[in-house]
Amino acid sequence: MNEKKIIKIYLYTRFERFWHWLQAIMIVALTLTGLEIHGSFSLLGFQRAVNIHNFVGLSWLVLVAFFVFWLFTTGEWRQYIPTTKKLFAVVVYYSHGIFKGTPHPVEKSPGAKHNPLQRLTYLGLSLLLLPVQMVTGLLYYTWNDWAGLLMPLAPVAFVHTLLAFMLLSFLLVHVYMTTTGHSLFSHISGMITGWEEIYETTTIEEWELAGKRK
Amino acid sequence: MTTMRSPWPMLALLLLFLLAGSPFIAGAATETGGDEAPGRKLAKQAIKRDKRWITTDHTKHDVLQKPFMSGEEVTQACLSCHSEASTQFHKTIHWTWLASGDKKEPKYGKAGYSVNNFCISANAMEDKSCLKCHTGWNGVENDVNCLKCHGMEKFNYTEAFADIQAFAEDDDPETKEIMAEIQAEVTTAVGKIGLPGRNNCGECHFKGGGGDGVKHGDLDTSLMKPNKALDVHMGIDGKDFTCTRCHTTTNHNIAGRIYTNPAVESSKSLLEDDLAPKITCVSCHSDAPHKNDSKMNDHADKVSCQTCHIPEYARINPTKMSWDWSKAGALKDGKPYHTKGDLGKDIYKSIKGEMTWEKNVTPEYFWSNGTQTSTTAEDVIDPSTVVEVSHPVGDANDPNSRIFPFKIHRGKQPYDKVNKTLLTPLLSGEKGYWTTFNWDESLKLGNETLGLPFSGEFDFVETTYAFPITHMVAPKDKALSCTECHTRDQGRLATLTGFYMPGRDRSPPVDSLGWMIILGSLGGVGLHGLGRFFTRNGRRKNHE
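Chains G and D, in that order, give the protein sequences.
For the first sequence, my numbering gives the first residue as 10, with consecutive numbering after it.
For the second sequence, my numbering gives the first residue as -13, with consecutive numbering after it.
Since the hints were derived computationally from the structure, they do not count as laboratory data.
Do not rely on the hints blindly, as some may be mistaken.
[Unchecked claim] Below, a sample of chain G positions facing chain D; criterion: calculated Cβ distance under 8 Å:
(1) I107
(2) G133
(3) L136
(4) L138
[Unchecked claim] Covered stretches of chain D, going by a simulated chain G footprint (3 or more residues, C-beta under 8 Å):
(5) 183 to 191
(6) 292 to 304
(7) 323 to 333
(8) 493 to 499
The structure presented is a predicted model; accordingly, all values stated were derived computationally and were not measured.
For every residue, glycine included, the Cβ atom is placed at its ideal position computed from N, Cα and C.
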C-alpha cells in the first residue's frame, strides 16, 4: 500500500476566497456580456449587456485596488514570485505522470500555495493579461474623451477581444484543472471552505492544523 | 486562542462600497436627481413661456381698414408702419432664391444654376409656376407679399385682386356691389396678421417639387395638424410648435440649411449662447441630453440626434422616391394620361415620366458636416456614373461630421452628351415640355433662360438628390434600439465604413485566432480528461 494519508490544512483565507469567487463571477459576467456586445450571440439584449459590462468592469478596477493592498500588506505577493525549480517536473506530471498515478511533484503548503506552473500562469495573468485588459477596457469605455487623439477604436477593440478569448481559455483550463486533485471536487471545495487536502508527509506549521485553529 | 477578528465586517463594507461606489464611478448617480433626462428638463425650461404677448390688434389699424385695389396697396399699408421690413426681406433667400446674397454670384439657388432631379430647374424664374411660391405679388421686381407668411387666413388674394381690378372697370352698380363685397372680404382677411404659422410655411415647403410630400419626405401636409406620434414637437396634442419655434429669425432671415451652408456652423445650447438661432436639437436639449448614466450621450459627438429619433420618415403621407424623366412623353390616343399607384399617387404621368412613392421609409445614413455638394447646370458630370446632384459632405474622421439620416431621391434626367452637363428643360408655358412634349425644343429654351450652352445632343443620366431628414421626430419610446445599428449584418449603418462599431465590426484574424484558442483549450482539456478517465489516473495499476 503506497497510498499516503490525506489531511486537511487551512490554505485560503476568507478574503482570498471571497476575492477568488468574486473575480470568477466577474470574469464570467464580463465574458458573456462582452461576447454579446461583440455580436457573437444574443442573450441579455445589447443595451443591458453594455450596462452590465461597464458596471462590472469598472467595479473590478476599484476592487483590484483592495486586492493589491491585501497582497502587499499580507506579504502574499511572494506567492507569485516565479521559479523554474520543479517547473519541468510539474509539466511532466500533468502531461505524463498524472496518467500513471505518480504523485504531484509539488504539494501545496501555506508558504507555497501555487506550484511553479501556477505561479507563472497567475503572474502572467496579474501582470500582463488582466492589466492590459483593464487598460484597454478603460480606453474603450472612455473612448469619446480621447477619440482621435491617440488612435482609432479598432486596435483597442482588437486587443480587448483577443485578450478576452485568452481569459476565456484560461477559465476553461483552470476549471478543468480543479478536477485533478485528490478527488474531482477536492480543489473546488478547498476554495470554498478554505481547507485544502494534502498528504500528511508535507511539513505543516503547527498553527495551520485544523484542530489547533479556531 | 487567536485574537484575530472576523473579516466579515470588512468584506461587507467592501461589498457596500462595490454597490454604492461603482454606479458613482460609472456616472449613474444623477446630481440633479429625479428621473427626467437633463436634455428634456432644459428644453422644457426653454419653452416655459409658450405664449407670446402681443401689444397690437391689426384689425384696429385704420390703414388696414380701407378697400384695397391691389396686393401692392396692402404691402404699402404694412410698410407704413413696418418701414424696414421690405428692405430686410429683399436681402433674404426667401426673396432672392439665391444662396449668396450677391446677385453677381448666381451659381447656387433656385433662381441660379442649381438643379435637382424633380422639376430640375426654375429656369431663372422663367417658369411662371414658380411664382405660386415666390414671396412677391408679381414676379421678383415688385413688392413683397407680406401676407404669404403673415396672413393667418388662407385666402386667394391673387384671384380676389384680379376680380376687383376687372370689376373696377365696369360701371354697373351691381358689379360695384360685388366688388365692394370682395374688398370687404379682403379687408377682413388682411386684418388677421400674425407670426408665420404652419399653414404659411407649409403651403410651399410641404409641397415642394410640385405636390404634397414630393420632395422632402419629412415635410408634407401631415405636419399641418400632426399628433405627437408624428412629430413630438409640433404635435397639436403636445407642444404644438410652429415652424418658427426652431427656425428663429433675425431681420427676416430665417434660420435653416441652404444650398451652400449648414443651418449653423456649430451647435451650441442656449446655456452657451442664448441668442444663437434655436435651429439645432442641441439649442434646447444640450449636447448631453440623456440621463447621466446613459451611453447614449457618448454617441452625440458622432451620431446626430435625428439618426435615432427619426426611425422612419413619410409616416403618414407617402413621399416620392424616384422619378424617371426618360419615360415621359407616352400618350394614349394622342393625349397625355396618368396612372395611379397603390398609395393613391401617380406612378406615371405623360408630362413627367415614371415615378415611385413610399411610406414609412427607413432613411439612408451618411456622414455629414451639415453642408451638401450641389451639382449645378454649369458643372461637368461623369455620365457613366450615378451623378450625385446633391450629396452630404462628411467623413468619419472629421470631428464636425456626424452620422445623419437622409432621403435619397433617385432620378433619371436629361444631360448634354457633348458638354457633359445636366440640362434644364423649360416645362410650363406654351413652349414648355408639358405642352409640346418636345425634348429638343424645351431643353434648348430651358438652357437659354440660364444663358447656358446646349449642344443639341442629349440623353438621360441616373442621379441622386439627398435631403437631410430632420423633421417628424418621434416620441422617445419610438427611438431606435441599439441593435438597429450594433448588429453583425444588415444594420442601418452597414454601408458606413472606416470606423469601428462594437457589435458590427470585428477583425476576422483576431476572431479566428480567438476561437482557435478556445477550441484548442477545450480539445486539450477534453483529451487530457479522457486520458485520465481511461487510465483511471493510473490508480488501477497501483491497486494491482
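For this session: Identify every previously stated hint that the structure contradicts and give their numbers, smallest first.
Result: Result: hints 2, 3, 4, 5, 6, 7 break, sorted rising.
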